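Peer 1: On the provided structure of chain A, position chain B as indicated by the hints.
What follows is each chain in one-letter form.
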Amino acid sequence: MAAREIMSGLELDGVAVRYGGVTAVRDVALAVEAGSVLGLIGPNGAGKTSLINAVTGIVGIDAGSIRLGGKRIDGIAPHRIARAGIARTYQNIRLFGALDVRTNVSAGAFTQSKVFDERAVRALLARVDLNEVDLDAPAASISYGDQRRLEIARALASNPTVILLDEPAAGMNPVETARLTSIIRTIAASGIGMLLIEHDMTLVRAACDAVVVLNFGEVIARGTPASIAVDPLVIEAYLGADTVAI
Amino acid sequence: MISFFTSHSKLFDQLAINALLALSLSVCLQAGQLALAQAAFMGIAAYIGAILAVSAGLPLLPCIAIGALASTLAAMLLALPVRGLRGVFLAIATIGFGEILRIVANNLKLTGGGEGLSQIPSDANTFVIYGALIIVCIALYLLSRTKFALAIALTREDETAARGVGVDTAGVRFWTLALGGAIAGIAGVLYAHSNFFITPADFGFGRMEQILVACVIGGSTSAIGAVVGSIVLTLLPETIRFLADYREVTNGAILLGVVLFAPQGIAGLWRRAKS
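Protein chains in written order, with my numbering: chain A, 1 to 246; chain B, 1 to 275.
Just chain A, with the same shape it has in the complex (with noise of 0.2 Å):
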């Protein structure tokens, strides 16, 4: 038998999070690996935002193990998680709504040493095509599109391993999301792992490497963007399967 391979990104295996007597996610293994875009998609309540809920210890899991460049990192405080390497966005955007747009920046450094100067901040903004926003105008003021992508500079600041994106192009018109899209790539292209939820397949088709499928908290397709769009397994579980036999 092989040695097992230590991945540098992150890996989920056999794992599962009920909430009382409901199983939430059941038996999900998946990785994301450094450098890679791996979007996880699925209808309304399969599981996804649980399943980042669980990587980033906000829930707790029930079995199974999740694993960030080899080490375990199930079952400790979130903000240990945080700092072992993991960064993440929101579903709906939680920014340090009253602080200025620098602080939010530099509050995702929290962690690190370095002290975040203007320049650094500038250079981080850049990365997520932000130049033109006001560093003192308070996180909550600024554009919808703008505070999505304000929250990724947030997450790029810690310097992490792997970026996990909740539906980040949601209320973005189709040019938002192009810009997006770039955007992603240029991160993972920097070295950076990427779970990215979206409901937009436009953006999971553009950005993403690889896709798992997820349906009543579990995994019924995996695989290339293209192929997973003509899963029949993919289309019943969002179209239903009567409509499959019309």
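It should be emphasised that the hints constitute simulated quantities derived from the structure, not laboratory data.
Nothing here was measured: the structure is a model prediction, and the numbers come from that model.
Heads up, the beta-carbon is just placed ideally off N, CA and C, and yes, glycines get one too.
Some hints could be false.
As the list claims (entries may be wrong) - Which residues of chain B face chain A? A few of them, derived with a C-beta cut under 10 Å, are:
1. L150
2. T169
3. A170
Stated by the list, open to error - Computed Cβ-Cβ distance ranges for the label pairs, DEER-style:
4. A:K114 with B:D245: 56 to 64 Å
5. B:K147 with A:S8: 38 to 46 Å
6. A:I58 with B:P81: 16 to 24 Å
7. A:K114 with B:N107: 51 to 59 Å
Peer 2: This is chain B only, laid out in the frame that chain A set:
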């Protein structure tokens, strides 16, 4: 000027003690904790400081040290059971804690029951009280320049997101409550040692309300605002004499006015005027 000072020295002392109390709550509010046990922490230290002075003849400084240590420990102990509570639930639990202590003090022989304790040496003069205020202000200023201050602000703004960037928010909540307990304790011993006698009613909900209103007037996320708010609230009944008897009414009216028209308090008005 000097005669004005001596004839009003009691009021000056009160100003500084109230400022300390406002700061002790401000530390908790800055971390987003509506923890309303400051009057109880003040009372714990006041009684311990008074008993040590009356029965053991201890001088003021050790009384302050031991009293503040006791109120800090009480705050730490309280922090554990309420660690899962937020917002109004935390407020109710901490008010309950204060009420329990007040009723206990009302019925214990050690605390003199409802009659309270008297014959406390009045050795906390204006210089000592202002010395304590200055030391606390310097300590808080130094704290504001550390990373812990950022952790406090992030915890207040969004606890989940704060954890997401690596802030130990449980630690922030615990230590801000402990620090609030320490500052309230210092104020409590100074209060006992400048008032000759204390009763449980001095540390009841009325006191707590006074502290909260001072912070709300000043701006609940600003330490300077808390001090300014406490000064306004202490001086108001003195400058407008006929209001002195209606303290609770004026407090309520001021609170309502601030919440409706300037929810960020004086600190918010100041920031708006500057920008």
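Peer 1: All hints, please: hold or fail.
Peer 2: Hint by hint, here is what the structure shows:
no.: 1; hint: L150; result: 7 Å, holds
no.: 2; hint: T169; result: 7 Å, holds
no.: 3; hint: A170; result: 8 Å, holds
no.: 4; hint: A:K114 with B:D245: 56 to 64 Å; result: 59 Å, holds
no.: 5; hint: B:K147 with A:S8: 38 to 46 Å; result: 29 Å, violated
no.: 6; hint: A:I58 with B:P81: 16 to 24 Å; result: 22 Å, holds
no.: 7; hint: A:K114 with B:N107: 51 to 59 Å; result: 57 Å, holds
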